[in-house]
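Engineer: As a plain string of letters, each chain reads:
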Amino acid sequence: MSIIEVRTEGRRAVVTGPPRLNMTAAPQLREVLARAVAEGSPQIVVDLGETTFVDSSGLGALVGGLKTARQAGGDLRLAAVSEQVMTVLTLTSLNRVLRPFPTVEDASREW
Amino acid sequence: MTDEGRVEALERLEVLDAPPEGRFDRVVRLAQQLFDVPVVAVNLLDAHAQHTIAALGMECGSVPLEDSFCAHTIQQSDTLVVPDARLDARFRQTALVAGDPHVRFYAGHPLRAPGGQAIGSLCLASGEPRGFSVTEQRLLGDLATWVEEELVRSDDRLEAEQVQRRLVPRRPLGLEGYDVAGGAAAARSVSGDFYDWQQLPDGFQVVLADVMGKGLTAAILAAGVRAVLRGTSRFNPLTESFGRLAASMAEDLDETGSFVTMFAARLTPETGALDYVDAGHGLAVIIDATASTARLLSSEDLPIGTLDDDTWQTHQDVLAPGETLAVVSDGILDLFDEPWDAVDSGRQLSGMCATAQELVDEILARAAHHVVTDDVTALVVRREA
Numbered sequence: 041m042s043i044i045e046v047r048t049e050g051r052r053a054v055v056t057g058p059p060r061l062n063m064t065a066a067p068q069l070r071e072v073l074a075r076a077v078a079e080g081s082p083q084i085v086v087d088l089g090e091t092t093f094v095d096s097s098g099l100g101a102l103v104g105g106l107k108t109a110r111q112a113g114g115d116l117r118l119a120a121v122s123e124q125v126m127t128v129l130t131l132t133s134l135n136r137v138l139r140p141f142p143t144v145e146d147a148s149r150e151w
Numbered sequence: 017m018t019d020e021g022r023v024e025a026l027e028r029l030e031v032l033d034a035p036p037e038g039r040f041d042r043v044v045r046l047a048q049q050l051f052d053v054p055v056v057a058v059n060l061l062d063a064h065a066q067h068t069i070a071a072l073g074m075e076c077g078s079v080p081l082e083d084s085f086c087a088h089t090i091q092q093s094d095t096l097v098v099p100d101a102r103l104d105a106r107f108r109q110t111a112l113v114a115g116d117p118h119v120r121f122y123a124g125h126p127l128r129a130p131g132g133q134a135i136g137s138l139c140l141a142s143g144e145p146r147g148f149s150v151t152e153q154r155l156l157g158d159l160a161t162w163v164e165e166e167l168v169r170s171d172d173r174l175e176a177e178q179v180q181r182r183l184v185p186r187r188p189l190g191l192e193g194y195d196v197a198g199g200a201a202a203a204r205s206v207s208g209d210f211y212d213w214q215q216l217p218d219g220f221q222v223v224l225a226d227v228m229g230k231g232l233t234a235a236i237l238a239a240g241v242r243a244v245l246r247g248t249s250r251f252n253p254l255t256e257s258f259g260r261l262a263a264s265m266a267e268d269l270d271e272t273g274s275f276v277t278m279f280a281a282r283l284t285p286e287t288g289a290l291d292y293v294d295a296g297h298g299l300a301v302i303i304d305a306t307a308s309t310a311r312l313l314s315s316e317d318l319p320i321g322t323l324d325d326d327t328w329q330t331h332q333d334v335l336a337p338g339e340t341l342a343v344v345s346d347g348i349l350d351l352f353d354e355p356w357d358a359v360d361s362g363r364q365l366s367g368m369c370a371t372a373q374e375l376v377d378e379i380l381a382r383a384a385h386h387v388v389t390d391d392v393t394a395l396v397v398r399r400e401a
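If you read the protein sequences in the order shown, they are chains Y and A.
The first sequence runs 41 to 151 under the numbering used here.
The second sequence runs 17 to 401 under the numbering used here.
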């Protein structure tokens, strides 16, 4: 059973991140993101409200999703990023491209 | 004692001829902490002697079988416990008990080859007598199983490890007025971290990189990154070298869904001028001569492989006399709540370490004492005061 939920609505998709986005969960997220783009929803918000931990494999999955989404004319944004996750994003400067928003609604607003 | 089967089994493992560098370090260290004993050793026994292939609290070497506790252990199916060797008729006259180092307590669990032959033991020793509970015996047995698994690991992975170990700079940088050192502690057998240094026509370059992911894929990519960077750095300024590296690796990184965080700096020895590029690495710091302040060498550049056609900026700093540049991989963050705690801990360590190598060793030792899930690599450049 998948721990990663996806809701799609036209070109948009909201993906709920797993509690720990690590080596175990990363391949699954990668797949979910790729499928959302392939099925015509490249405007993706990843809701990290329940995600308390991200390691480099997790970042890899998010970056992979971002690339795929951009290639399809969309983007990948983050919502409800916890402090630990924000630290990792800032450290790697990835917050510049994986842009964090306070809520899913905020992230979806400009689309 | 029926030696033949044992010696043959031991030879098949080919461990005595090719000392298995570092393979047992973790288990030996863990045993020392778990049981709180001064001496832990992995001993293997051939027809004539006991050979210590990994140890803490004693030197690796050989002793004659008649002085060996482990020669008794391998006759047993289970742990041999000697609470006080001085009171034990089997041992009280032997060299290691009657003389230096005056062993009193011994506990050893037999190690078996895949065919079942006992070939040695994982053992603990102390100069103080003590007991050893059934639970402790079971734990020691579990650790012995781990050693046995390591002993038979002569497959591709081991070869990959050896290849990777050769991918560190072969020579010291030979940079007058500076002390440079690096080191790595892999969480798994192979890692995506590496450090490197090289002399360039216009200065000296030091590098620390971390390829996202673990295991063989990350290690192979790391070898590629290292080679491409070495080649291009010779002919190009830093910014351009990063661009070329990114272009060369783009497809491989895409294919494997990976990216690379990397810090590289070029040093002009006379002035201490430090040009650096930080591609999403974020863990490079300069500690002042008195270890009272530390400044992060920050940058807003992204890891290599994040975006197509990305570019990187060169930033400038100066390594003043007595100052220390320390770069670590993000595995170190497993030990700290905040990156700043890691920086501060590095600052304090720098004050206590007389040489760059000492500081590297201290950083790695801290990583080794914790259960880290990521590799930790460290690089230190200290300018003499």
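Hints were generated in silico from the structure; no laboratory data involved.
Keep in mind that the hints are not guaranteed to be accurate.
Said to hold, decoys possible - Okay, the calculated beta carbon distance ranges per label pair: (1) A:Asp270 / Y:Thr64: 19 to 25 Å; (2) A:Gly143 / Y:Ser122: 47 to 53 Å; (3) Y:Glu150 / A:Ala263: 41 to 47 Å; (4) A:Pro253 / Y:Trp151: 46 to 52 Å; (5) A:Asp94 / Y:Glu45: 26 to 32 Å; (6) Y:Trp151 / A:Gly38: 47 to 53 Å; (7) Y:Gln124 / A:Arg108: 22 to 28 Å; (8) A:Asp270 / Y:Thr130: 40 to 46 Å; (9) Y:Gln68 / A:Leu216: 54 to 60 Å; (10) Y:Arg110 / A:Glu192: 45 to 51 Å; (11) A:Ser314 / Y:Pro142: 21 to 27 Å; (12) A:Ser314 / Y:Glu79: 36 to 42 Å.
To be verified - Simulated coverage check for chain Y against chain A, where a stretch passes if three residues somewhere in it have a Cβ under 8 Å from a Cβ of chain A: (13) 85 to 94; (14) 98 to 109.
Note that beta-carbon positions come from the ideal geometry of N, C-alpha and C, so glycine has one too.
Engineer: Each of the hints needs a verdict: does it hold here or not?
Structural biologist: Consistency of the hints with the structure:
no. : hint                            : result
1   : A:Asp270 / Y:Thr64: 19 to 25 Å  : holds (23 Å)
2   : A:Gly143 / Y:Ser122: 47 to 53 Å : holds (50 Å)
3   : Y:Glu150 / A:Ala263: 41 to 47 Å : violated (32 Å)
4   : A:Pro253 / Y:Trp151: 46 to 52 Å : violated (40 Å)
5   : A:Asp94 / Y:Glu45: 26 to 32 Å   : violated (51 Å)
6   : Y:Trp151 / A:Gly38: 47 to 53 Å  : holds (52 Å)
7   : Y:Gln124 / A:Arg108: 22 to 28 Å : violated (57 Å)
8   : A:Asp270 / Y:Thr130: 40 to 46 Å : violated (25 Å)
9   : Y:Gln68 / A:Leu216: 54 to 60 Å  : violated (44 Å)
10  : Y:Arg110 / A:Glu192: 45 to 51 Å : holds (48 Å)
11  : A:Ser314 / Y:Pro142: 21 to 27 Å : holds (25 Å)
12  : A:Ser314 / Y:Glu79: 36 to 42 Å  : holds (40 Å)
13  : 85 to 94                        : violated (count 0)
14  : 98 to 109                       : holds (count 7)
The structure is inconsistent with the numbered hints 3, 4, 5, 7, 8, 9, 13, although it conforms to all the rest.
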